[in-house]
Amino acid sequence: MATVLCVGHAVQDFVFSVEQLPSTPEKYRAESFKSVGGGPAATAAVAVAKLGGRARLAARAGDDMIGDFIVSELEGYGVECSLVGRFELRKSSLSAVIVDEHGERLIVNYLDPLLESHTESLPESLPDDVDAVLGDTRWPEGALHIFGLARQAGVPTVLDGDVPVPADGDLVRAATHVAFSAQGLAGYSGEAEPASALRSVAATTDAWCCVTLGREGVMWISDGEIVTAPAFKVAVRDTLGAGDVWHGAFALALADGQPETSAIEFASAAAALKVASGGGRAGTPTRCDVDTFIKQNTLERQA
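In terms of my numbering, the sequence shown has 9 at position 9, counting the first letter as 1, and numbering is strictly consecutive.
Where hints are given, some of them may not hold.
[Stated by the list, open to error] Now the in silico label distances, taken between C-beta atoms and shown as ranges:
hint: 1; residue 1: GLY217; residue 2: LYS295; range: 17 to 27 Å
hint: 2; residue 1: VAL163; residue 2: LYS233; range: 22 to 32 Å
hint: 3; residue 1: VAL163; residue 2: THR204; range: 38 to 48 Å
Hints are computed from structural coordinates only; laboratory data are not their basis. No residue lacks a Cβ here, since even glycine has one placed at the ideal position from N, Cα and C.
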């Protein structure tokens, strides 16, 4: 069983379901409400655990009730949280998430600006059992520290290149693999067209680079050529956390020794099942779910 160390953001999401996303500053009544854990690295860690891997999380939280919720839920999914730093007199991160009937979402996040960014809570060498590292952009200092340790150990490092990707490029250059969101790639490169932006960024780093494009699939560069893998077609219930599940599944596949093309298929299948199920982290599929889904779709393509 492969182990993935996820480094970055952990948050508590308060999710309100509405018919349409708000467009004017007035009162709206939610059709339903739920409180679920979120954050790119934390949700990716849950995906790793549900997909059959060992998941460890390095993150920051306040010494408060929200932080207790965050850690308790993660541990309930089997995520090892000894590297989650808890800081006195600081507030844990939380978000208001509004989801419409089509599964599209609006997110307002709060991250305590005084929450320490130092890396004193992180190890000085990569734990021996770690087979891959995934870092998000919400704690650049932490991700850079662990990426450096992983590089020294010859372990693959995956950057979840969602906004905000630091403009100095240190995180992009530190990773062995960078998986951008469309918004993250456009913001970092300054180019709106994904293929052109991907080529521009790839020229600045030795990392393998791709961009996830939602319903349009995943685009990457192979032997100098732009390649796109189409997305699996499913009925969308909720896109919340789908990108995080994709990154967790991709990192786990690399940890298992899969090549990038196979890792993309595995991650895309996991994300497709996630958006089809909804349900927050509880909707994250298992390894059996993903393997069966890929097999069914392969048979349909061959028919």
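GLY217 versus LYS295 beta-carbon gap, inside 17 to 27 Å or not = The hinted range 17 to 27 Å holds for GLY217 and LYS295, with Cβ atoms some 19 Å apart.
That 22 to 32 Å hint for VAL163 and LYS233 (C-beta), does it hold up?
-> Cβ of VAL163 to Cβ of LYS233: about 27 Å, so the range 22 to 32 Å holds.
If you check the beta carbons of VAL163 and THR204, does the distance land in 38 to 48 Å?
-> Cβ of VAL163 to Cβ of THR204: about 18 Å, so the range 38 to 48 Å is violated.
Going through the hint list in order, the structure does not satisfy hint 3, though it satisfies all others.
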